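J.: Build the full structure now, drawing on both the sequences and the hints.
For the protein sequence lines, the chains are A and B, in the order given. Just so you know, this note's numbering puts 105 at position 105 of the first sequence, and the rest follows in order with no gaps. Every position in the second sequence, counted from 1, becomes a number in this note's numbering once 1000 is added.
The set of hints was computed from the structure by calculation and includes no laboratory data. Note that the structure is predicted; figures quoted are calculated from it, not measured. Where is the CB? At the ideal position from N, CA and C, for every residue including glycine. One or more of the hints may lead you astray.
A short, non-exhaustive set of chain A residues, derived as facing chain B with CB atoms under 8 Å [said to hold, decoys possible]: (1) Thr68; (2) Ala155; (3) Glu173; (4) Ala176; (5) Ala232; (6) Arg252.
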Amino acid sequence: MAFMRKQAVVEAVDVNTLTPEDTEKRITAGVKKYATNEANYAAADANTPYLGHIVGMGIESSNLADITMSIERQFLTKMTTKTPSGSSSEYTLTAGELGKLRILDGQDALAATPGLSVKMLMDLGHMPKNDGYLEKVMSFAYVMATGDGWKMADALKKMAGKAEKLADGERSEALANLKTLVGQAKDYDALLADASKLAASKAKAYANDKAGFDALNTELNLTLEKIKGVSAGGDAAALAKLRGEEAEIRTRLKMSHAKLRVSQEVSDAAGKRRPIEDKKVAEVRAGLQEAVALAEKLS
Amino acid sequence: MPLEAEDVKALRLQWLLSRALVVPVSIAVFAMARFLLKYRLDDDLDALRAEIWAKLDAHQGPVIWAANHLTLIDSFLVYWAVFPIDRLLEDRRIPWSTPEYTNYYKLGGPVQSALVRALLYLCRCIPFLRGGEDAASESWRQKAFDKCVWVLREGGAVFVYPEAGRSRSGWLEPRRPKDFLGKLALDVPGSKFLCVYLRADGQIATTAAPAKGAKLRVAADLIDGVLPGETNARDISQRLFDRLAELQLEWWKGSDMARNCAGNDVVDLKGALLRENFSDDLSEADQEWLERHLTPRELKYLAEQGPASLFKTFWRFFCAKEACHKALGRAVIVVPNGAFHEIEIDLFRRKATHIPTGLQLDLRFTDDDEDKLHCVAVLRGGFIGDEETEGDILWAVGEVPSGTSPGAFVRDLALDMIASSNDEIRTASRLALTENSGLPGVLWRGKPQEWSLSLSHSGRYAAASFMIS
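T.: See below:
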């Protein structure tokens, strides 16, 4: 094809020859052009989210796939042999000759920070697991939970700033809103303080996904029963239609399973807190408390 | 069209046999729902039953049961919820059902299939064939309709789903009425509609059955079939759909789930980063990059549009996916970042499907020009609107002034839009933005509003949308 990729040519390196820290640096450097928050990008570490403007690099969702493809372009791996799994079109990558790194559909679902991207490469066997490095990487669940906390603190500060400038009538309505925001911030602060409560709140999304997955299995079983019933009658057109339905449900089940894996990981990880998560939670809680104190001065 | 004598004879026999076995069959159905599937009925159900049956007792004519449709066992569940066990001998009140033939009549091996058919026969089922436009299918539908008319004229009751199938969005949309029940009422003018909205708590999407152990909540009412002067089936159906929509709102008032679920997304088509995976003339794109975003069906559609439309069509897909991502998030359906294949867009039909749940969303491109795209998506809570009918979603797209933070600008844009569209609010200072689980919300008078606010910015543009239903 005449089309040429416009990215700068990058010489790919065997990811196994790099330390996790070097890999992380390369990954961060690879997304520089997409980062719209220059200050956050300049100070980025393993736990800086790619997305978001408050604490994140400000990468737009339209460049999400570019992050993954940037990682693929930079590294070589020995996990290059396609091994069939599940249906005929599905495969996993197992050890073979050194070649281009390939991140398959859904494998990057939890790679929300450079550190989590490195963890993804370790989890997929592209590079050896390094517990020392992973100790410094905040889990996906806490990237999301602290991100929500920063957003809330930011909204509260902005509202307090606005309310301060208002006159009597408008000010009283703004203060009513501010009071609610303060309540929400305090509630979220309390939620962050208790890992088990946070885990329970994340369990709701998991329960939804699990119910959806179970419902799909029921739907599949029903379709298989229909196929059994129609097969006996010899109606080829009806049978073909049902086979199509079956294939569609199996695709949905595959996606549903991948989604369930993400929500299960979030639900499980929300209940476990290591020093890195404690540190980040303490930071966001301080941010929330500061915003609350600012708002309470007005009321 | 009158039924042939042998059809009438068959119906009379079915009625006779089902009448003879109504008590054991009904108790078996109720027991299965309660003890096998462990469903629980709303605590307030006795009061609702008393109210409904007082109205039914005052109406001696036939009754058309009309309910929302989400699962394959809704008929049984509605019957269990509405019909008190001590009234099982009131034969003509027991409804005839109209199940889809392809869903029930050929299930499993010969023995299982025969058992299911026998059960359906005793449950007074008239099989429907909703699919197919050929003469045989049309004739089947007409005969099923005639059977329903016959039952009603005999003073009986029939149960028909007004939406003619399970709702793919999980929402009964009153602005898309179907005429079938209106026609039925016109053919039997003395009939009334028993409107029922039944849904399990936590039931998000269409499934085979509610989750085991689910609590079922019901809202119901008995309304007139044909009003004096009504001669148009659409008008009658519209009235029925409107009442069902009111019952739907009543049901949602008691639900923990967010009712309004909408989202938006804006794309600045002149953004440099949007072009980098395309050739200079935008007629070609990196195939691998396209495949990371689009499903095979979407890729096929993209190819069919030709090179001249490649760039814009791709970003239409993307914009729609992002809007759906936000609408689904409201329903606590988290689409992982980058999981673009989970949402499949049909640009021609302006529909999107969340593949893991099968949920269907409506799409609308409010802005589609050389500079930008803006798409809104609605899962539930209201009508998206079209060229002829105003919808329940309002939006604003604005250009971000240079030197202004797009994030701050879009928040002000949203509050100004909401304030200016409501006479009671008038000024944005009465509102505040909040964040809950990463989703933006609005506070007014200190209370969170269920407006499904959605914010987006891209390059030079920012856009906000919210629902007024």
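J.: Is the shortest C-beta separation between A:Arg252 and chain B less than 8 Å?
T.: 5 Å, holds
J.: Quick check on A:Ala176 please, does its C-beta sit within 8 Å of some C-beta on chain B?
T.: Nearest chain B Cβ about 4 Å off; hint holds.
J.: A closest beta-carbon separation below 8 Å is what the hint needs, so does A:Ala232 meet it against chain B?
T.: For A:Ala232, the interface hint holds, since the closest Cβ of chain B sits about 6 Å away, which is under 8 Å.
J.: Under the criterion of a CB-CB separation shorter than 8 Å, is A:Ala155 in contact with chain B as hinted?
T.: Hint holds; A:Ala155 Cβ to chain B Cβ min 5 Å, cut 8 Å.
J.: Under 8 Å, Cβ to Cβ, is where A:Glu173 needs to be relative to chain B, so tell me if that hint holds or is violated.
T.: 5 Å, holds
J.: Under 8 Å is the threshold here; is the Cβ of A:Thr68 close enough to any Cβ of chain B for the hint to stand?
T.: 7 Å, holds
Every hint from the earlier list agrees with this structure, and none is contradicted.
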